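Here the structure of chain A is known, so what remains is to put chain W in place on it, guided by the hints.
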Amino acid sequence: MLRVEDTQVSVEFSPELLNKFADVVTRYPAGKQKSALLPILHYVQAEFGWVSPQAMDKVAAYLDILPIEVYEVATFYTMYLLKPSGKYVLEVCRTGPCGVVGADKIMDHIEQTLGVPEGEVTADGLFSWRGVECLAACGYGPVLQIGPEYTFYENLTNESVDKLVSDLRAKAKN
Amino acid sequence: MGRKLLLEHINVPGINTFDVYRQKGGYASVEKALKTMTPEAIVEEVKKSGLRGRGGAGFPTGMKWSFLAKPEGVERYLVCNADESEPGTFKDRYLMTYIPHLLIEGMIVASFALGAKTSYIYVRGEMMPQIRILERAIAEAKAKGFLGKNILGSGYDLELYVQPGGGAYICGEETALLESLEGKRGNPRIKPPFPAIAGLYGCPTVVNNVESIAAVVPIINDGGDEYAKIGIGRSTGTKLISAGGNVKKPGVYEIDLGLPVEEFLYSDEYCGGIANGKRLKAVVAGGSSVPILPANLFMKTINNEPRLMSYESLADGGFVSGTMMGSGGFIAYDEDQCIVRNTWNFTRFYHHESCGQCSPCREGTGWMEKVLHRLEHGHGKMSDMDLLVDVSKKIEGNTICPLGDAAAWPVASAIRHFRDEFEWHVTNGAEATTRNFGLAHYADPLTVAATA
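If you read the protein sequences in the order shown, they are chains A and W. Residue 19 in our numbering sits at position 19 of the first sequence, with consecutive numbering throughout. Add 1000 to a position in the second sequence, counting from 1, and you land on the number used in our numbering.
This is chain A alone, in the form it adopts within the complex:
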């Protein structure tokens, strides 16, 4: 059961973000602005790290649709994070060919390296990780991606995962 985290956070959309919203809405015919909902939720998540109930309410008001129309979309699609996550969310493909070439072992290694179970955030707030379904990179598995850019890392080994994690730690310090 997906649950929207019940937190009281104040959400303000910056003028830059509102410009992005407005640009998306122009892609659809008049009166069909609800089509902008998925792209706008991506923008919200990229900005705030997750999609909070308060942000969803504000998106509903912006698009002139009911809040429930936003909730049902945000809870249906797996990309929208409904609770605060690490700055970097390592999403490991666990399906099909990635499974054949060792995705499970990579996930085990990530769990050990980060010291947190799937879905939890490291104490420094930098990382969380989860297994996700097929990422359509089946020839280059195991693979993982990291939002909000959704940068891809292919042909993973324990060593390449270690380097990735330490690079991200270094990046976060700078």
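Heads up, a few of these hints could be off.
Said to hold, decoys possible - Dumping the calculated BS3-like pairs for lysine-lysine here, alpha-carbon to alpha-carbon at most 27 angstroms:
1. Lys1117(W) to Lys32(A)
2. Lys1117(W) to Lys34(A)
3. Lys1249(W) to Lys105(A)
Everything labelled a hint here was simulated from the structure, so no lab data went into it. Small disclaimer: the values here were computed from a predicted structure and weren't measured.
What follows is chain W alone, placed relative to chain A:
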């Protein structure tokens, strides 16, 4: 050496930019179509080509286009289905990453043929890098006069947008994709009405896969008849096959339809054989939803003829000893792979991705996953296999969209062909999870012949 209609220039440095793509002859089909052809003539060429939808269903593309309702005063839409999420399939990602203008070129020609003034490329949200690549390429094409108002002075206007999905395999189903594009949950619609009559915003709409739309470019450049000369029977043209699993050279290959599977799997031009000196145990030829085949059945048809990479040859023998072309997602399994584990992995995927709209799929996929999980973890019962077959039959054909069938077929086929391996799991309990299964009767016929 197969022809390269789509991937000919894939390795040219800078081919992802407008200028280099144009230097290599890019956008010629737009010039030809908009300046010298009528929309009806374009549809006719696509019909002549025999092109079948490359997303998995294999429905004739030209026929699909000709079904589009054309009432006056009503908008019509072309939507490209780039929601590639079928395990084993990664050809569209490849094409969009390296040669995005090919897709945009095809979108312009197809939109003109269908009378669409606004078209969308619906890309799965996880492919954000590809979304950015496409948006950049669209901006370039627009700056050069190939999109927007009065394209090339033809009087034809077209706006093209990229729409990100939110992470849901079901949005690869065309009506679920349209729901998603309308900003809703990706719940498939009951058909009829088909999108050709009532699609996006209730308007006539065509939904085509990335590869299908890209194939329109060579069809218009060379003519439908030329395209139809490639391939075999009703499997015309070239096809992108994405090869993964335990092959030596995973990747995306363009083949002439009709290529023998043996050549695809073992020649150096393509997969190069099985990795690490192992032998082939099984193959999933067209993405996770198609029936899995043991090596010996994969290599030969029911009539003991060499199996070909064509829609008809792969399907020969029906679901008893054949499979499907599907999306061209090719997964090879070596002798060490556990079929029970793989079947559980696929079923977990379908359970996770079921939209929940139809009870047989929502409940059935979860039930199958639980049973397969206990089998895989050494807690199964001998009656589980019959139970799985029973549940799969109750899902198949009883849902609004084909996701139910897609979930049922891998389970039913795995038990049909590898029942002894499931039984071994029951008999040997937890030990079974670490077993190397060997080949037994799944033996790769090529290897057997070589060592006989």
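Inset, instruction - Output the numbers, in ascending order, of every earlier hint that fails for this structure. - result: Failing hints: none at all.
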